[in-house]
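K.L.:
Residues per chain are reported as follows:
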Amino acid sequence: MKTLTGLVALSLGLAGCTTVQPWQRGRLAHECMTFDADASRAAYEAHWQESREGAAGGFGVQSGGCGCK
Amino acid sequence: MASASSPAAVAASRRPGTRLAPPLALVAGLTVVAIGEAVLLDGAEDQPSEIGIEFHTFQDSRGVTVQSPAVDLTRDFTDRTALRAKFGVDAISAASDSCVRCHSQGVSNRRVTLGASLVRKLTDAKLSLGAEFSQENFYRATTILTSGSRNFNKANTTVAGGFSVSRNQPTLHPRRVSRSQTTENAFVSLTQTLTRSTVAQVGYEFGHIGGYQNDPFLRAFVNGELLLGNNPDRRTRHTFTLRLRQALPAQTYLEADYRHYFDDWSIHSNSVSVGLSHQFTPEFLLHFGYRRYDQTGAFFYAPEYFGFPEFFTSDFRLEPFTSNLYTGRGVFTPRHGLWFLPPGAGITAQYDRYSSDTDFLAGIFTVRLKIPLGNRAGSP
Amino acid sequence: MLDRLYRQRHRDGLEVLAINVDEERQEAEKFLERRPHEMPVFFDPKGHAPEAFQVEAMPSSYLVDRRGRIRFKHVGYTSSVGAKYEREVDALLSEEPP
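Chains as they are written, first to last, in this note's numbering: chain A, 1 to 69; chain B, 70 to 449; chain C, 450 to 547.
Hints in this document: simulated from the structure, not taken from any laboratory. These numbers were taken from a predicted model, which means no experiment stands behind them. Virtual Cβ for every residue (Gly too), placed ideally from N, Cα, C. Mixed in with the good hints, there may be bad ones.
Calculated pairs, BS3-like style, for lysine-lysine (alpha carbon to alpha carbon, straight line, at most 27 Å) [what the hints assert, rightly or not]:
1) B:Lys155 to C:Lys533
2) B:Lys223 to C:Lys533
3) C:Lys522 to C:Lys533
4) B:Lys155 to B:Lys195
5) C:Lys495 to C:Lys479
6) B:Lys195 to C:Lys479
7) C:Lys479 to B:Lys190
8) B:Lys195 to C:Lys522
9) C:Lys495 to B:Lys195
10) C:Lys495 to C:Lys533
11) B:Lys190 to C:Lys522
12) B:Lys223 to B:Lys190
13) B:Lys195 to B:Lys223
14) B:Lys155 to B:Lys190
If you want the ones that stay clear, here's a sample from chain C, every Cβ over 10 Å from chain B, calculated [unchecked claim]:
15) Lys479
16) Glu487
17) Ser510
18) Arg536
19) Glu545
Same shape as in the complex, but just chain A:
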C-alpha cells in the first residue's frame, strides 16, 4: 500500500514538471532516451530472465510464458 501511494504521489509530481517544447527535444530523440526502443530485445531479455527468476513483468504486456525450465 505504501509503495502504491508513493508511486501515485511520484506520478502526480512528475506530471507537473517543465514543458519541453517540440523543437527542444533533439537530445530526447536518441534511441538511448527511449524506453524499450528495441522491443524484440526487451522481450527476449524478459523471456530468459523469467525462465530463471521468480519475478516477472513490469515493462509491458506479458505473453503466455513457456514450459522452458
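Assemble the complex: chain A is given as a structure, and chains B and C must be docked to it using the hints.
P.N.:
Relative to the frame of chain A, chains B and C by itself:
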C-alpha cells in the same frame, strides 16, 4: 550559412489563412518554411518499416543450451497503420539436472512462437491489438493482447496501458495428460519529460495466474522420495517500476531502472539496473550495463520436505537468491548501408553474463540484423 | 525532398526556407555536409521561428502563398508526404500572382 532572420519576419502568422508580415511576403513568391532538427531529419520516419533477424544463444550451468533464431517485421500500410509480426524458434536442449535423472544423454525440445499485432496511430494516441501463440513439447500458450497510449502536454507526458489474457496448456510428463492455466495481466505507466535531457517513467503491472502451476519436469524430495511438485493453483503478482533516462554531455546516455515485485506466494524481489551508452560516431554505439537482482523464497519452498506438506517444490525460481548480470552491446549502422543492404541497415552484437549465489551461471550471446524496408525518401 | 522541389521549381517562383533549430550547430553542419543541397538553410538555435509558428511536432513545414498566407501545414514526416507536397506546390504556383 545564413543567420536566423528577424523573428518579426515569421512572427505574424500562426494559423492557415493568416497573413505573414510584409517583409517576408514581399521577399517570397511561394514559400515553404520548413523547421526541423538534423537528428530528426536523418531517418525521420516515425515507425519505419523494417525487418529484424536475430540469433540468440543461451547456455547455463544447469546444462541447458537454447539456440533461438527469430524474425520480426514491422510494416507501415498507411501513415497511421502498421503491422508487426514475429516468428521465433527456440531449440532447447533440455539437458538440465531435472531431465538427466531419467534422460542421461539429455533430451531436446523445440519451442515455436508466432505473434502479430496491428498498430493504429491517432493524433496523440496509439492503439495496438495483437495475438501470440507458442507451442513446445509440453506447453502451449495462446495470448490476446491490447495496449494503448496517449500523449499530453505537447508529448511531454504519455500515459500508457495494456491488458493481456493467456490460455496456457502445460502437459504432464511422462503421462502426457494436459492441464489448463489462465493468466491475466494489466499494466499502466506514466512517462514524463523532466528536462530537455531527462525522461522518467513510473509503472505498475498486475498479474493473476489461475490453474495448474506445478512444474511437470521437476521433482521434490518429500520424506526421501522424489515426487512431482505441488504448487498453489492461484498466484497474484504486483510489479512496480521506476525508470530514468538521462542524456549526458559528449553523446553519452545514462539509464537506470528499478523494479519491485511481490506476490501472494511471499516472493519479494528488487531489481536495479544501470547502463551507460556512448555514441562514438554516428555509425557506432557502445553500451555497458549492470543489473542486480534479489528475491526471497516462496513461503512453501524448502530444499527438502518431511511429514505431510500441502505444497512442495524443487523449482529453483522459487528459492531465495541474489544475482548479477553484466551486459555489453555494440551497434553498428554504417551510413551507406551494410554490405548489400540499404542505408539504415545495422547490426547489433550483445553478450550477457549472469551469475547467482546459488552457483548458477549463464552466458547469452545475441546478434541482430536490422533491415529497413520500402522507399525511404530520406530527409523531407 | 524539399531540396529537390527547390531545384525543380525555383525558376517558377518557389522559395524554400529551411530553418534548423539544433542547439549545437556542429551536429547540423555534420548532417548537412552529408546531404549536398541548394536550398538556403537558416540556423535558429534559440527557437524563435518554431515559437512564432507554434510548432507542435518536429519537423513541421508551412506552404505560404504569393499573398503571404499560410495555406498548408505538414506536421511530422512520412514517405507518402512527398507526392502531396508536389501537388500542393503545383496548385499554389498555378494561382494568379497578386
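K.L.:
Any hints this thing doesn't respect? Which numbers, in order?
P.N.:
1, 6, 7, 9, 10, 15, 17
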